[in-house]
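Number of protein chains: 2
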Amino acid sequence: MELVDPLLAGDRLSLARALSAVENEDETGRAVLNQLFAHTGRAHRIGVTGAPGTGKSSLVNQLARHFRQPPAGEAPHRVAIVAVDPSSPFTGGAILGDRIRMRDLAGDPGVFIRSMAARGSLGGLANATASVVQVFDAAGFELILIETVGAGQAEVDIARLAHTTLVVEAPGLGDDIQAIKAGILEIADILVINKADRPGVESTERALRGMLDLAHPMPHVFRHHGRLEMAPAPPTPPPNQAFWMPPILRTVATEGVGIPELAEAIAGHRTHLEKSGEWARRERSLLQTELESLLLETLFTRWRSTISEAQFQSVLDKLQDRRLSPHQAIQDLLNGRQP
Amino acid sequence: MELVDPLLAGDRLSLARALSAVENEDETGRAVLNQLFAHTGRAHRIGVTGAPGTGKSSLVNQLARHFRQPPAGEAPHRVAIVAVDPSSPFTGGAILGDRIRMRDLAGDPGVFIRSMAARGSLGGLANATASVVQVFDAAGFELILIETVGAGQAEVDIARLAHTTLVVEAPGLGDDIQAIKAGILEIADILVINKADRPGVESTERALRGMLDLAHPMPHVFRHHGRLEMAPAPPTPPPNQAFWMPPILRTVATEGVGIPELAEAIAGHRTHLEKSGEWARRERSLLQTELESLLLETLFTRWRSTISEAQFQSVLDKLQDRRLSPHQAIQDLLNGRQP
Numbered sequence: 001m002e003l004v005d006p007l008l009a010g011d012r013l014s015l016a017r018a019l020s021a022v023e024n025e026d027e028t029g030r031a032v033l034n035q036l037f038a039h040t041g042r043a044h045r046i047g048v049t050g051a052p053g054t055g056k057s058s059l060v061n062q063l064a065r066h067f068r069q070p071p072a073g074e075a076p077h078r079v080a081i082v083a084v085d086p087s088s089p090f091t092g093g094a095i096l097g098d099r100i101r102m103r104d105l106a107g108d109p110g111v112f113i114r115s116m117a118a119r120g121s122l123g124g125l126a127n128a129t130a131s132v133v134q135v136f137d138a139a140g141f142e143l144i145l146i147e148t149v150g151a152g153q154a155e156v157d158i159a160r161l162a163h164t165t166l167v168v169e170a171p172g173l174g175d176d177i178q179a180i181k182a183g184i185l186e187i188a189d190i191l192v193i194n195k196a197d198r199p200g201v202e203s204t205e206r207a208l209r210g211m212l213d214l215a216h217p218m219p220h221v222f223r224h225h226g227r228l229e230m231a232p233a234p235p236t237p238p239p240n241q242a243f244w245m246p247p248i249l250r251t252v253a254t255e256g257v258g259i260p261e262l263a264e265a266i267a268g269h270r271t272h273l274e275k276s277g278e279w280a281r282r283e284r285s286l287l288q289t290e291l292e293s294l295l296l297e298t299l300f301t302r303w304r305s306t307i308s309e310a311q312f313q314s315v316l317d318k319l320q321d322r323r324l325s326p327h328q329a330i331q332d333l334l335n336g337r338q339p
Numbered sequence: 001m002e003l004v005d006p007l008l009a010g011d012r013l014s015l016a017r018a019l020s021a022v023e024n025e026d027e028t029g030r031a032v033l034n035q036l037f038a039h040t041g042r043a044h045r046i047g048v049t050g051a052p053g054t055g056k057s058s059l060v061n062q063l064a065r066h067f068r069q070p071p072a073g074e075a076p077h078r079v080a081i082v083a084v085d086p087s088s089p090f091t092g093g094a095i096l097g098d099r100i101r102m103r104d105l106a107g108d109p110g111v112f113i114r115s116m117a118a119r120g121s122l123g124g125l126a127n128a129t130a131s132v133v134q135v136f137d138a139a140g141f142e143l144i145l146i147e148t149v150g151a152g153q154a155e156v157d158i159a160r161l162a163h164t165t166l167v168v169e170a171p172g173l174g175d176d177i178q179a180i181k182a183g184i185l186e187i188a189d190i191l192v193i194n195k196a197d198r199p200g201v202e203s204t205e206r207a208l209r210g211m212l213d214l215a216h217p218m219p220h221v222f223r224h225h226g227r228l229e230m231a232p233a234p235p236t237p238p239p240n241q242a243f244w245m246p247p248i249l250r251t252v253a254t255e256g257v258g259i260p261e262l263a264e265a266i267a268g269h270r271t272h273l274e275k276s277g278e279w280a281r282r283e284r285s286l287l288q289t290e291l292e293s294l295l296l297e298t299l300f301t302r303w304r305s306t307i308s309e310a311q312f313q314s315v316l317d318k319l320q321d322r323r324l325s326p327h328q329a330i331q332d333l334l335n336g337r338q339p
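Those protein sequence lines, which keep their order, are chains A and B. Letter 5 of the first sequence, counting from 1, is numbered 5 in the working numbering, and no numbers are missing. Letter 54 of the second sequence, counting from 1, is numbered 54 in the working numbering, and no numbers are missing.
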């Protein structure tokens with residue numbers, strides 16, 4: 001494979017070609033993923049999601065800059081940004097503040113930005129994102145920021161790819177949006193209140209804390225003689241405990257305020273994942289999902305090649321006329337009978 | 001099957017039980033769907049989607065009332081309402097204004113309301129919704145209103161179930177929400193501006209019309225000697241033409257304003273679908289999707305029963321250690337070799 005070796009050596013053009021190939025899910029793409037697989041499993045995948053207007057793109061931008069120019073004593077990381085917009089499946093306009101981003105990060109060979117054009121279905125988008133992330137991982141990007149807009153099932157499915165998920169809020173976005181976001185809070189590892197210099201930041205933080213307490217019951221509330229009681233201080237968690245209480249951080253991304261603290265919280269979450277064994281568990285569950293979806297695809301392709309298009313259409317005819325039920329059709333198709 | 005006969009005879013308790021069974025996707029559910037299939041294919045499935053705050057629930061409510069008490073000379077229809085909330089996958093709180101709805105429509109045996117609890121994945125939710133809709137169809141509900149909240153890929157997937165999709169807007173919801181909704185406009189068969197007594201209705205309509213023109217190029221703009229020209233009047237469309245320009249209607253659902261006109265537009269769209277052959281085409285494509293997803297499930301279950309859990313876990317071990325790539329694992333697993 002002529003793409004793979006230069007890609008592994010750091011060639012950006014080969015990387016861009018490999019990304020296009022895996023996005024297209026063509027033969028080359030499959031071969032590339034196959035050959036790159038042995039080099040994957042090292043990157044820290046960081047999901048960043050939140051409603052429009054929260055300033056996610058600026059935040060991702062600033063995080064990338066911070067990771068490129070860390071405080072003295074820390075090594076700079078190579079950073080990939082994958083910007084996914086599942087809310088606009090038809091127009092394919094997955095731009096997400098690219099122009100601002102370009103101006104800011106352009107010319108740095110340690111940064112690579114990829115916008116994902118939306119797919120016909122959500123499953124397609126999540127698969128393509130997973131493939132793109134694998135390519136970046138193999139290409140040696142230690143940090144991969146996966147940015148999605150919104151707060152629906154789409155974002156949840158994409159968040160499953162991440163080791164660490166940031167949910168971004170901003171003061172004064174209105175009650176409707178708060179209500180939508182109640183579900184996504186439960187996938188947050190770190191909560192960020194961006195635009196924290198705006199009025200209303202206190203009440204946003206209060207609301208988030210209230211929702212968090214519902215989602216993650218505090219460990220220092222316990223039952224004593226059948227009554228709920230509050231411990232005088234949170235008990236020290238046992239070592240390697242899998243419990244993680246999402247911190248709430250305030251940032252003003254456009255001015256860089258709070259970014260070092262956020263980067264520290266991300267590193268802290270990584271340490272937590274590794275110590276608790278959760279890192280390995282998430283990797284395994286992701287690999288299992290990938291294996292199963294590849295299996296399904298292969299099984300279907302193999303089966304489909306055993307019957308003709310005319311046969312398949314004739315089954316559809318009978319379904320449409322209600323002469324067969326889908327279950328009967330399956331039994332007949334799979335047992336080789338002419339339905 | 002003890003549920004099916006009373007269900008077909010109109011028994012509500014059997015209907016409720018059948019809905020739970022198909023939602024649970026258990027043995028009973030499969031058997032029910034299998035036996036009901038011959039009775040499906042008659043209902044008009046109407047999708048209603050829009051952002052929170054547009055008043056979708058009241059609109060669905062009022063439409064249901066209208067279909068139950070149509071103008072003199074028209075027969076009342078049996079109406080099912082399926083309320084789906086894909087934005088909150090964890091809390092399972094798919095309520096969508098149920099309390100208001102209950103008060104309004106309670107006690108009418110020609111109306112049945114079902115709220116869909118969210119699933120672990122979007123595919124799961126879309127499948128469960130499809131099954132519930134089939135049960136209502138078989139049970140003789142001529143109109144099935146499928147209500148979803150939001151404007152993401154989730155709503156698009158669920159809208160694929162509908163013959164006619166209403167996208168609901170309201171004045172003054174802010175630019176962010178307008179931006180999210182650009183994609184979903186392209187699946188709209190009818191656009192509704194609800195809360196049309198609010199200020200800003202003119203500019204909302206202008207914005208929608210602008211987006212519509214982009215999504216559906218007007219048929220009366222044509223090329224003449226290489227230049228774009230506007231026809232003096234829209235040419236009469238040829239009979240059976242598949243073109244449908246989504247109308248924009250104004251309603252004030254809480255006061256019943258605009259509801260008869262909306263019901264008329266829905267009936268008009270049905271006529272258009274039938275005359276253009278699009279109705280049959282949509283039915284067939286839905287059946288094909290269903291058949292394929294059932295095939296996948298069956299193929300996977302059959303294959304999975306041929307290998308032991310220990311074998312499967314050992315493959316995962318090798319993947320996690322990068323000793324096998326997913327593609328190699330598949331080849332070995334499917335060809336019966338011990339990987």
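No wet-lab data here; the hints were simulated from the structure. There may be inaccurate statements among the hints.
Since the list gives no way to pick out one identical chain from another, each pair is judged satisfied if it fits inside one copy or across any two copies.
Simulated pairs of lysine to any residue, SDA-like, Cα-Cα distance not exceeding 25 Å [unchecked claim]:
#, residue 1, residue 2
1, Lys275, Asp317
2, Lys318, Gln331
3, Lys275, Thr28
4, Lys275, Leu8
5, Lys275, Leu295
6, Lys275, Ala31
7, Lys275, His327
8, Lys275, Arg12
9, Lys318, Pro260
10, Lys318, Leu212
11, Lys318, Gly107
**Q.** Violated hints, by number in ascending order, as checked against the structure
**A.** 3, 4, 5, 6, 7, 8, 9, 10, 11
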